[in-house]
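Q: Okay, here's what each chain looks like letter by letter:
There are 2 protein chains.
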Amino acid sequence: MDKNIPYKTYLEESEMPKQWYNVRADMKNKPAPLLNPATLKPMTAEELGVVFCDELVDQELNTTDAYIDIPEEIREFYKMYRPSPLVRAYCLEKALGTPAKIYYKFEGNNTSGSHKLNSAIAQAYYAKKQGLKGVTTETGAGQWGTALSMACAYFGLDCKVYMVKVSYEQKPFRREVMRTYGASVTPSPSDTTNVGRKILAEHPGTTGSLGCAISEAVEVAVGSEGYRYVLGSVLNQVLLHQSVIGLESLAAFEKLGEKPDIIIGCAGGGSNLGGLISPFMGQKLRGEADYRFIAVEPASCPSLTRGKYAYDYCDTGMVCPLAKMYTLGSGFIPSANHAGGLRYHGMSSTLSQLYDDKLMEAVSVEQTKVFEAAQQFARIEGILPAPESSHAIRVAIDEALKCKETGEEKTILFGLTGTGYFDMVAYQKFNDGEMSDYIPTDDDLAKGFAGLPKV
Amino acid sequence: MDKNIPYKTYLEESEMPKQWYNVRADMKNKPAPLLNPATLKPMTAEELGVVFCDELVDQELNTTDAYIDIPEEIREFYKMYRPSPLVRAYCLEKALGTPAKIYYKFEGNNTSGSHKLNSAIAQAYYAKKQGLKGVTTETGAGQWGTALSMACAYFGLDCKVYMVKVSYEQKPFRREVMRTYGASVTPSPSDTTNVGRKILAEHPGTTGSLGCAISEAVEVAVGSEGYRYVLGSVLNQVLLHQSVIGLESLAAFEKLGEKPDIIIGCAGGGSNLGGLISPFMGQKLRGEADYRFIAVEPASCPSLTRGKYAYDYCDTGMVCPLAKMYTLGSGFIPSANHAGGLRYHGMSSTLSQLYDDKLMEAVSVEQTKVFEAAQQFARIEGILPAPESSHAIRVAIDEALKCKETGEEKTILFGLTGTGYFDMVAYQKFNDGEMSDYIPTDDDLAKGFAGLPKV
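Going down the list, the sequences are from chains A and B. Position one of the first sequence corresponds to residue 1 (full-length UniProt numbering), numbered consecutively onward. Position one of the second sequence corresponds to residue 1 (full-length UniProt numbering), numbered consecutively onward.
Keep in mind the hints are simulated off the structure, nothing from the lab. The beta carbon of each residue, even a glycine, is placed where N, CA and C say it ideally should be. Keep in mind that the hints are not guaranteed to be accurate.
Claimed, not checked - Estimated spans, in silico, between C-beta atoms of each pair:
| hint | chain 1 | residue 1 | chain 2 | residue 2 | range |
| --- | --- | --- | --- | --- | --- |
| 1 | A | ARG292 | B | GLY433 | 26 to 32 angstroms |
| 2 | B | SER184 | A | GLU73 | 30 to 36 angstroms |
| 3 | A | ALA95 | B | LYS133 | 35 to 41 angstroms |
| 4 | B | GLU73 | A | THR411 | 41 to 47 angstroms |
| 5 | B | PRO172 | A | GLU254 | 53 to 59 angstroms |
As the list claims (entries may be wrong) - What the simulated footprint calls covered on chain A by chain B, stretch by stretch (three residues with Cβ under 8 angstroms from a Cβ of chain B suffice, anywhere in the stretch; the number is not a length):
| hint | stretch |
| --- | --- |
| 6 | 130 to 139 |
| 7 | 143 to 154 |
| 8 | 157 to 165 |
| 9 | 234 to 248 |
| 10 | 284 to 296 |
| 11 | 379 to 392 |
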């Protein structure tokens, strides 16, 4: 091991970020605004305020301030589980026999099991500050719902979670964690909303989708006094909160006197990837440094690598504003054999714009290869990774093996977003040799694209 | 919050312990030796070497060396998940309104989910060094089995785990984590051993016990070329390895300029409690400092508070040496409604002697009260604790509330041994209001005592 570089680097509390970084301020081409689905005009703060908390609306629309203060209450909560460690993967490097230096930023050391808590506590804080009774949301794999339940318990807010039915049934323990934190959890689609009843009537026996759960959560928030809707990914405000990951990483690298060449993150809606790369991207946009950024997505849900860059509905029920993003169409649902998260049909507008501007690369990987990397990583580095995070591990290993061939001593940073402790059904399939891959055909994708709105 | 005391204190890698501390060296009354069940004479190193690795036998019998070097390979592995944080529970203090300062040493931030990895990696290392093919063990709640699987994966050792049948069935995901790390997991009692077949014949339909799983694991180790048996608690060697918890805690307190008044740990076989208190107990034994030590055990398995201090069998099949310990009798099995670990019939000989010498206190708590504390802690401090750890939380909260009454500003340290992510069946019972308590009657205990050997 390098004498001066420990396995784990923690910032001191005094070194933790006091402001989030808003990458949009440094983007020449700003991400396209959300559109009102009725008027096709940009959503106003007033219109957004019906759905979201007021301060979060301000953050959503703010494309000019590079730094936004993190309120002290949130910084105090961050201190309970942050800073997260920047880990040097010495054992993995040795096992691969690579000259590359591999680092990962590990966000899994909290009960939500992922980075989602970074934004959940912020959104709960602003809801509390606004005097609300509670919030509604959707959850797929369950990480976001768990994180929000924890945040709401901390601030004494009611928390209503619509959980994609297939996850609700396959992950009873995720559900139970949320209940332990006092949240109510409803399988979606449900008969508690108009949109849920409509979807159930049209598709009896459906196991649900994220887009549908979003529609239900939004409907309940808008129709309930003192409630707002909160979302764990895709939105600009979420990327803003998640910038704490990248800011800590950057500060830790500076402390070590190191600099990554390649930065890799898994990408579903973009919350982790956007948060991890933001401050580094800012340096690149300002011409201060250069990095290769790689978004890794599942081959079964390839919004960046095979999607269209277009305005689309954010939800199945079409109750949400339209967003311009790389999308597979709001009707797209990954095949049933897809394990874990990263199943949203679209990608964060900010990341979509950066990708369209060729500031970031994207690759897609098949899930059996992802779980091979997950198992290898678990046995060597000791941490059982979340399936989502393992997409980034897969590509980090592949890049390190390329360095082995070329002899290049590149420095690789990837985001280890979380742990897989609630994903053992998927691991069991892999352990039993029963996991399969599925890559949608062009015809499959054409069906999704056919549903894109004419904007 | 105190200006100079962060939420979390991490030692630098250079400050991590390089030696384990062996509390027996400072004990005036040494723990009683293990006895050969046939001759009733103290077990020799040679006899123990049939079951255990040679260097571990040396450690087991060593009552004179206060410090034993931690081999570099183990220290490297420790760096992957240690140092563990010493956490100041500011939010809990505030919620309780207590003048007490509450600290906890959190051992749950690794995939095994508990402190068990501290000894697992040590035992796997010595097995590897001895050129063995593999090791066998038992696991109850599953934390030890998981930890050993991880350690064996790291050193490329085969790992055979006998898992108490009721846990095997109720915790399929624990089993799957072990499989992901390459271990084979067999529900106990099984038909793969003589002792298993005998127990199955005598008690058809039994859901197993730790004592029975130990017997099976020992039988397989002794009967297989290149295998030894390893155990995750009770033994002196385990307390030695676990002293890393207490040594880090002591160093962190010294760094902060603080000193605990009360040190609290849950106690099943004694691995966590013994490890946490050892260095502090050493100071007390040497007259350098004074502390109150409190062992917390389940009311349903009260070996210290209601057991007898006597020689007893360590396992149901009576294939192991006899140990002098506080015990409920090797036939004692906690009632079926007992959730989680802390279900072993006896207590570490070292801790038993310290308790008998009145150097340590013990209390028992009922499990509904334990889960109330667990839920409260989860919501306030953000970490979902293991049921075992929650015994210590319960008493830490009770002591902090006493301080609130008296106005005393005591400093409380407790061991948060792990997380409850694989214990959601128990949490679900609690959330649904279906958890009950059970305190064995004197008659129940008399049955266990009747099986004590005449030594």
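Q: With reference to the structure, classify each hint as holding or not holding.
A: Outcome of the hint check:
{"no.": "1", "hint": "ARG292/A to GLY433/B: 26 to 32 angstroms", "in the structure": "violated, 54 angstroms"}
{"no.": "2", "hint": "SER184/B to GLU73/A: 30 to 36 angstroms", "in the structure": "violated, 49 angstroms"}
{"no.": "3", "hint": "ALA95/A to LYS133/B: 35 to 41 angstroms", "in the structure": "violated, 21 angstroms"}
{"no.": "4", "hint": "GLU73/B to THR411/A: 41 to 47 angstroms", "in the structure": "violated, 26 angstroms"}
{"no.": "5", "hint": "PRO172/B to GLU254/A: 53 to 59 angstroms", "in the structure": "violated, 45 angstroms"}
{"no.": "6", "hint": "130 to 139", "in the structure": "violated (count 0)"}
{"no.": "7", "hint": "143 to 154", "in the structure": "holds (count 3)"}
{"no.": "8", "hint": "157 to 165", "in the structure": "violated (count 0)"}
{"no.": "9", "hint": "234 to 248", "in the structure": "violated (count 0)"}
{"no.": "10", "hint": "284 to 296", "in the structure": "violated (count 0)"}
{"no.": "11", "hint": "379 to 392", "in the structure": "holds (count 6)"}
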